[in-house]
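Protein chains in written order, with my numbering: chain A, 1 to 360; chain B, 1 to 296.
Hints in this document: simulated from the structure, not taken from any laboratory. Take these hints with a grain of salt, some might be off.
To be verified - Label pairs and their calculated CB-CB ranges:
| # | chain 1 | residue 1 | chain 2 | residue 2 | range |
| --- | --- | --- | --- | --- | --- |
| 1 | B | Asp-177 | A | Thr-2 | 19 to 29 Å |
| 2 | B | Met-167 | A | Arg-128 | 24 to 34 Å |
| 3 | A | Arg-128 | B | Arg-85 | 44 to 54 Å |
| 4 | B | Asp-177 | A | Ala-233 | 23 to 33 Å |
| 5 | B | Thr-221 | A | Asn-46 | 18 to 28 Å |
| 6 | A | Thr-331 | B | Leu-5 | 48 to 58 Å |
| 7 | B | Ala-62 | A | Arg-128 | 38 to 48 Å |
| 8 | B | Met-1 | A | Thr-169 | 21 to 31 Å |
| 9 | A | Thr-2 | B | Ala-109 | 43 to 53 Å |
| 10 | A | His-162 | B | Ile-263 | 20 to 30 Å |
| 11 | B | Asp-177 | A | Arg-350 | 31 to 41 Å |
| 12 | A | Ile-10 | B | Met-225 | 39 to 49 Å |
Cβ coordinates follow ideal geometry from the N, Cα and C atoms, glycine included.
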Amino acid sequence: MTTSKKNTLITLVTLAVVTVVFLICQVGINTGAPWMTSTLKGQLVNICAWIMMAVSLNLVVGISGELSLGHAGFMSVGAFTAIIIASWLKRGKGMDSSWLRFVISAVAAVGISGLLGFLIGIPVLRLRGDYLAIVTLAFGQIISNVIRLLYVTVETDTGALHMALKLGTGTPKLSGKDVIKGAQGAMRMPQDSTFVIGFILVIITLIVVFNLTNSRSGRAIKAIRDNRIAAEAMGLKVTKYKLMAFVTGSALAGLAGALYGLNQSSLQAGFFEYTKSIEVLVYVVLGGIGTVPGSIVSATALTILPEVLRAFSEYRMLIYAVFLILVMILTNNPHTRMFFRSLRTRIFGRTDEEKRRDRL
Amino acid sequence: MAQFLEALINGISLGSLYAIIALGYSMVYGIAKMLNFAHGDVIMVGGYIVFIVLNNMGMPAALAIPAAMLVCVALGITIEGLAYRPLRQATSLAVLITAIGVSYFLQNAAQLIWGANPRFFTIMNYGNIPVSLGKDQFNISVGKLCSVGVSVVIMLGLSFFTGKTKMGKSMRAVSEDRGAAELMGINVNRTIALTFAIGSALAGVAGAMLVGVYGVQLSPTTGAMPGIKAFTAAVFGGIGSIPGAMIGGILIGVIEILVGTFISTDLKDALTFAVLIIMLVVKPTGLLGKPIREKV
Chain A
1 MTTSKKNTLI
11 TLVTLAVVTV
21 VFLICQVGIN
31 TGAPWMTSTL
41 KGQLVNICAW
51 IMMAVSLNLV
61 VGISGELSLG
71 HAGFMSVGAF
81 TAIIIASWLK
91 RGKGMDSSWL
101 RFVISAVAAV
111 GISGLLGFLI
121 GIPVLRLRGD
131 YLAIVTLAFG
141 QIISNVIRLL
151 YVTVETDTGA
161 LHMALKLGTG
171 TPKLSGKDVI
181 KGAQGAMRMP
191 QDSTFVIGFI
201 LVIITLIVVF
211 NLTNSRSGRA
221 IKAIRDNRIA
231 AEAMGLKVTK
241 YKLMAFVTGS
251 ALAGLAGALY
261 GLNQSSLQAG
271 FFEYTKSIEV
281 LVYVVLGGIG
291 TVPGSIVSAT
301 ALTILPEVLR
311 AFSEYRMLIY
321 AVFLILVMIL
331 TNNPHTRMFF
341 RSLRTRIFGR
351 TDEEKRRDRL
Chain B
1 MAQFLEALIN
11 GISLGSLYAI
21 IALGYSMVYG
31 IAKMLNFAHG
41 DVIMVGGYIV
51 FIVLNNMGMP
61 AALAIPAAML
71 VCVALGITIE
81 GLAYRPLRQA
91 TSLAVLITAI
101 GVSYFLQNAA
111 QLIWGANPRF
121 FTIMNYGNIP
131 VSLGKDQFNI
141 SVGKLCSVGV
151 SVVIMLGLSF
161 FTGKTKMGKS
171 MRAVSEDRGA
181 AELMGINVNR
191 TIALTFAIGS
201 ALAGVAGAML
211 VGVYGVQLSP
221 TTGAMPGIKA
231 FTAAVFGGIG
241 SIPGAMIGGI
251 LIGVIEILVG
261 TFISTDLKDA
271 LTFAVLIIML
281 VVKPTGLLGK
291 PIREKV
């Protein structure tokens, strides 16, 4: 099978599996199946948002090879943009259709976070490796710090929107009803996200990422990741392709933020600190860097896992930490890798790849 | 003027704390080529040990700090041996995730052992030196002044150690080229373990200073933010360089306090990070970092 055929197959199978799982969950909700517990039902939209985050970070870290530790920053920009727009449309303009509200605020969220990704990407992508990681982390912290100082109100009768940043000691005095109140965060926003919307957005994310990675640009991005100097010598514009992956990743993170933000009853900027970016990075690495289906599975599993481990209550994070360390050691240590490989050959026999290598 | 001077001195003293943490980060990065995300949590453990020895057991401070250092060294060597050593040949991302796992582990273990509620520490008070400047007057805390002295001594000691002693030379050799160092008969694993031991001992000192001199309340996540700040400082000064970590730490501390005093307390983190970004964009390897050569 050629690589392009294989990629198309992976794309189609992934989309099909996601759709089937969605349909099963929908049936579970409609029939009130016992496995569809109320906690799981409450998590469905969040799971969709974290899948989108993991897939979009995978585009940046796996496909483009840039270690970003500020991905949650873009999510928070998307979330708060969507919250402002949706609250304004509902409470200021009296728009009743939650679908329309969601679409408009999601478009705004994608636009703003994509633009921010572009502005941040230009200086950041000049840096390499760990320096890039620390600068993206710094940007994520700056974003969360600035949003913590943001005050937004909307006037319900005129529909006017007021915004101010708290810079001095006193909190800004704005007329109208609070939408975002500094460190207390956003409250009383319209909860427009639904599981159906979440599913559609996951599909959109997957199509965007698969399309980009399997296109000419995607091959250029991967070539730059594997060997920047060689790719540059072949005439590829390094900055352009790196920016392409970074901006797409941040725009999709903004979209995930819109979905997440409009699913909560209240949301603080502190939620999106660097620890959240790291959590998403853990999803990506555990799922397998560069593989989209892996990101989907690990984001889903690791969002549900804490709920399942509730029984162990205080030990669950400790178990999670040990699990994380063990998985990293078992999958990366040369000795254990050798062991797994020999185990696989004993059970399944040699793969085509290995047979070919043996013949040489 | 007096306000500025006071802020400057406070900044230098906070910076010297960052510098001690940054030295640990920087050495580990230089030699093991890994971002040790768990470094901040080792500091937290050091803080708890000082708390227990001083407040619960009623021992003097002269005993608490060595105790914290000892526990941190043991912890550092254990972490290195169990979690990082099996990943010597792995990609840097795999090591980073493992370090994050270790960080989660330490935070949650601390929460199980000592509880999640923050503990307030009776600050060691060594008195103040009143300074008068014309009409203005302000106090300099002796404890904070000592922390500057401690960090300078540590920096000089480390510079001497890496520059002159045989162990230090082997550390530099490993950081330069691990493979070649091994061929020259240097025990790479032992050298890296030694680096972790030194870094963790510094973390122990930093933990004692953090809770003892600066009165930071103690909770399982106490170490995270100073850890990130100090890491920023290490990168700022050029990661891997000992004087760089010192200068970076002091600059970050001074910037943070000056911004907090004169611009906005709420914006101090944002502006500190903004300075770091500008710095790295202008000089991508930090203040004293060596330029990375690329071979084709």
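### Query
That 39 to 49 Å hint for Ile-10 of chain A and Met-225 of chain B (C-beta), does it hold up?
holds, 41 Å
### Query
Using the C-beta atoms of Thr-2 of chain A and Ala-109 of chain B, is the stated range 43 to 53 Å upheld?
holds, 50 Å
### Query
For the pair Asp-177 of chain B and Arg-350 of chain A, does the Cβ-Cβ distance stay inside 31 to 41 Å?
holds, 37 Å
### Query
Regarding Arg-128 of chain A and Arg-85 of chain B, is the given constraint of 44 to 54 Å on their beta-carbon distance met?
Cβ of Arg-128 of chain A to Cβ of Arg-85 of chain B: about 26 Å, so the range 44 to 54 Å is violated.
### Verdict for Met-1 of chain B, Thr-169 of chain A (Cβ pair) under range 21 to 31 Å
Distance hint for Met-1 of chain B, Thr-169 of chain A holds at roughly 22 Å.
### Query
So does Thr-221 of chain B sit 18 to 28 Å from Asn-46 of chain A, Cβ to Cβ?
holds, 23 Å
#### Entry: Asp-177 of chain B paired with Thr-2 of chain A, Cβ distance criterion 19 to 29 Å
This hint is violated: roughly 41 Å between Cβ atoms.
### Query
Between Thr-331 of chain A and Leu-5 of chain B, does the beta-carbon spacing fit 48 to 58 Å?
At roughly 55 Å between Cβ atoms, Leu-5 of chain B and Thr-331 of chain A fall inside 48 to 58 Å, so the hint holds.
### Query
Regarding Met-167 of chain B and Arg-128 of chain A, is the given constraint of 24 to 34 Å on their beta-carbon distance met?
holds, 31 Å
#### Entry: Cβ separation of Asp-177 of chain B and Ala-233 of chain A, checked against the hinted range 23 to 33 Å
holds, 26 Å
### Message
Given a hint of 38 to 48 Å, does the C-beta separation of Ala-62 of chain B and Arg-128 of chain A actually sit inside it?
### Response
About 45 Å separates the Cβ atoms of Ala-62 of chain B and Arg-128 of chain A, which means 38 to 48 Å holds.
### Message
Quick check on a hinted range of 20 to 30 Å for His-162 of chain A and Ile-263 of chain B, using CB atoms only.
### Response
holds, 24 Å
In summary, the structure is inconsistent with hints 1 and 3 from the numbered list given earlier, while agreeing with the others.
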